[in-house]
Amino acid sequence: MLMKSLTRFNHFVIRRIESRITKFRVNLRSQGYVLLTVSLLFMMSCAQNEPPKSQLTVMSYNIAAGFGDIDGIANVIAEANPDVVGLQEVDVHWGERSGFINQAEYLGAALNMHTFFAEIYTLDPDSIHLPAKRYGLAFLSKYEFVTTKNHTLSRLSTQTEPPELIQLPGFAEIAIEKDGKIVRLFNTHLDYRSDPSVRKTQIQEMFEIMGDLDDAIVLMGDLNAQPHAPELGPVFAAFEDSWKDKNDPGYTFPGDDPVRRIDYIMHTKSMKSSDSKVIQSAKSDHAPVMTILEF
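Numbering (my numbering), first residue to last: 1 to 295.
Incorrect hints may have been included.
Derived pair list, reagent style DMTMM-like, types lysine to aspartate or glutamate, alpha-carbon separation capped at 20 Å [what the hints assert, rightly or not]:
#: 1; residue 1: K277; residue 2: E231
#: 2; residue 1: K53; residue 2: D71
#: 3; residue 1: K269; residue 2: D212
#: 4; residue 1: K200; residue 2: D256
#: 5; residue 1: K269; residue 2: D215
#: 6; residue 1: K142; residue 2: E177
What the hints contain is simulated information worked out from the structure, not anything from laboratory work.
Given only the sequences and the hints, what does the whole structure look like? Please build it.
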């Protein structure tokens with residue numbers, strides 16, 4: 001009789017323990033569901049509070065002083081419809097090769113874009129009846145400029161014989177505002193000679209000028225070196241390359257049948273790029289490169 005009582009008591013205790021364990025598991029499961037729900041709601045709230053990403057379509061184009069057809073250059077840009085264009089080899093009243101016109105202003109007016117010209121050279125005119133001859137780089141933008149600067153770099157001047165390494169302007173910087181966000185864009189044209197020493201110096205100087213790379217910064221232009229060139233190593237290390245197509249080398253030079261990639265659009269790691277492309281055109285000896293930036 002005692003044994004039966006103990007057995008019934010043991011069964012009773014076991015059932016109570018099992019019941020409490022079951023309730024404990026249910027409570028844990030319920031708490032888990034609650035925590036999961038709260039977490040999901042929190043993440044959804046954060047996503048809703050994040051500002052939407054902004055996009056900017058950017059082009060880099062060495063126009064070779066118009067290549068005898070500045071209207072053709074304008075048409076190439078118009079068809080691509082970028083927000084910002086960095087131009088290299090731009091003439092302003094330079095000479096007969098470009099009809100003595102101000103190419104930067106001409107393109108800006110034709111495309112209804114804001115214009116900033118950054119000269120490398122300013123020379124006396126061929127006639128007292130003409131304005132000074134200038135040659136350099138330019139920015140075209142659908143957005144007003146917040147700031148514009150023309151920085152100096154070490155250059156082997158093409159206007160002296162023999163070439164002399166001196167400080168000359170022509171590293172163009174603009175800042176624009178898009179959706180309340182500031183983007184800084186730099187436009188450069190590095191030394192073309194086979195000896196990389198000047199390009200190496202220019203790249204070091206550019207980094208000093210650009211400063212903090214945590215911001216939204218774009219570096220574009222004709223770097224006159226292919227991606228494997230050692231002097232471009234610091235650029236590829238600090239910036240993201242907008243060209244990501246592993247099946248297409250992205251050749252940009254010469255324009256009529258490109259076999260080398262020397263024109264680039266790079267951006268800081270806080271930005272993303274997509275839909276990068278080289279626009280096939282023989283209107284210049286370089287083909288323009290374009291990308292969509294997100295920030």
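How the hints compare with the structure:
1. K277 / E231: Answer violated: K277 to E231 is near 24 Å, above 20 Å.
2. K53 / D71: violated, 34 Å
3. K269 / D212: OK: K269 and D212 at ~12 Å, within 20 Å.
4. K200 / D256: It is violated: about 29 Å lies between the C-alpha atoms, which goes past 20 Å.
5. K269 / D215: holds, 9 Å
6. K142 / E177: holds, 11 Å
Hints 1, 2 and 4, counting from the list given before, are not met by this structure.
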